[in-house]
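Just so you know, the sequences run in chain order A and B.
Anchor point for the first sequence: position 14 equals 14 in our numbering, and the numbering is continuous, going up by one each time.
Numbers in our numbering are just positions in the second sequence, counted from 1, shifted up by 111.
It is possible that part of the hints are untrue.
So the derived list for chain B, only partly shown, Cβ under 10 Å to chain A, looks like this [unchecked claim]:
1. Pro129
2. Ser131
3. Gln149
4. Phe213
Residues of chain A placed beyond 12 Å of chain B at every Cβ, according to the derived structure [unchecked claim]:
5. Glu17
6. Asn75
7. Tyr100
FRET-style restraints, in silico, Cβ to Cβ [stated by the list, open to error]:
8. Pro216/B / Ala52/A: 41 to 49 Å
9. Ser131/B / Glu17/A: 14 to 22 Å
10. Ser195/B / Ser7/A: 22 to 30 Å
No lab work stands behind these hints, which were simulated from the structure alone.
Here the structure is a predicted model, which is why all the values come from computation and not from measurement.
Every residue, glycine too, gets a C-beta built ideally from N, C-alpha and C.
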Amino acid sequence: GQQLNQSPQSMFIQEGEDVSMNCTSSSIFNTWLWYKQDPGEGPVLLIALYKAGELTSNGRLTAQFGITRKDSFLNISASIPSDVGIYFCAGRGNTGNQFYFGTGTSLTVIP
Amino acid sequence: SQTIHQWPATLVQPVGSPLSLECTVEGTSNPNLYWYRQAAGRGLQLLFYSVGIGQISSEVPQNLSASRPQDRQFILSSKKLLLSDSGFYLCARQREGRNEQFFGPGTRLTVL
Numbered sequence: 001g002q003q004l005n006q007s008p009q010s011m012f013i014q015e016g017e018d019v020s021m022n023c024t025s026s027s028i029f030n031t032w033l034w035y036k037q038d039p040g041e042g043p044v045l046l047i048a049l050y051k052a053g054e055l056t057s058n059g060r061l062t063a064q065f066g067i068t069r070k071d072s073f074l075n076i077s078a079s080i081p082s083d084v085g086i087y088f089c090a091g092r093g094n095t096g097n098q099f100y101f102g103t104g105t106s107l108t109v110i111p
Numbered sequence: 112s113q114t115i116h117q118w119p120a121t122l123v124q125p126v127g128s129p130l131s132l133e134c135t136v137e138g139t140s141n142p143n144l145y146w147y148r149q150a151a152g153r154g155l156q157l158l159f160y161s162v163g164i165g166q167i168s169s170e171v172p173q174n175l176s177a178s179r180p181q182d183r184q185f186i187l188s189s190k191k192l193l194l195s196d197s198g199f200y201l202c203a204r205q206r207e208g209r210n211e212q213f214f215g216p217g218t219r220l221t222v223l
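Construct all of the structure, not just a fragment, from the sequences and the given hints.
Here is the structure:
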């Protein structure tokens, strides 16, 4: 199945720094989702985006639905140690029942 | 609330043995349900999805199968496990009326 290109693959940052990651697709999506996964647990939905250009926040997290509908961005401001984990993007098009996932961004926050 | 249960949480099985993983959901009717496999904590591979009882779509040819005997029950099975079947298996449901997907806690399978 289709896989989304997510970058960067991993990030090592100091506590308090801001984080940016993005996801691109070769297909147009009408929904973009961002998840966080802690070790040994299922991914947890952070933000859902439904409109091109939409900018949505959830606390220190902000995500945007790209204008081309082929990309999305996630920003984390003022990172803290509990932000550590793997972040996944996911998208869904107009047809079919599948959700397509990115390869993940592993975030490490150094206190 | 709409809750997803997965059983068992962890499993260690010998090569060639059968497998049955169970996923049950609460608080919703006729949900779209999904099985994913995740290797080494990265990348979710869609295995099967179901839009209703007895309706299964397979994404990847393999020695696994899925069944949906009841509206809120989704089962992943194998007759003979391979070493390559090891991984973290996640069940997910689609939120009713929305393009959002929620995951269960997962089952860690180790095939020896």
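We went through each hint and held it up to the structure:
1. Pro129: Because about 24 Å separates Pro129/B from the closest Cβ in chain A, which is outside the 10 Å limit, the hint is violated.
2. Ser131: Hint violated; Ser131/B Cβ to chain A Cβ min 19 Å, cut 10 Å.
3. Gln149: Holds. Min distance 9 Å.
4. Phe213: Hint on Phe213/B: holds, closest Cβ of chain A at ~6 Å, below 10 Å.
5. Glu17: Nearest chain B Cβ is 23 Å from Glu17/A, so the label holds.
6. Asn75: Its Cβ never comes within 12 Å of chain B, the nearest being 20 Å, so this holds.
7. Tyr100: violated (8 Å)
8. Pro216/B / Ala52/A: 41 to 49 Å: At 34 Å between Cβs, range violated.
9. Ser131/B / Glu17/A: 14 to 22 Å: violated (46 Å)
10. Ser195/B / Ser7/A: 22 to 30 Å: holds (27 Å)
Taken one by one, the earlier hints fail for this structure at numbers 1, 2, 7, 8 and 9, listed in ascending order.
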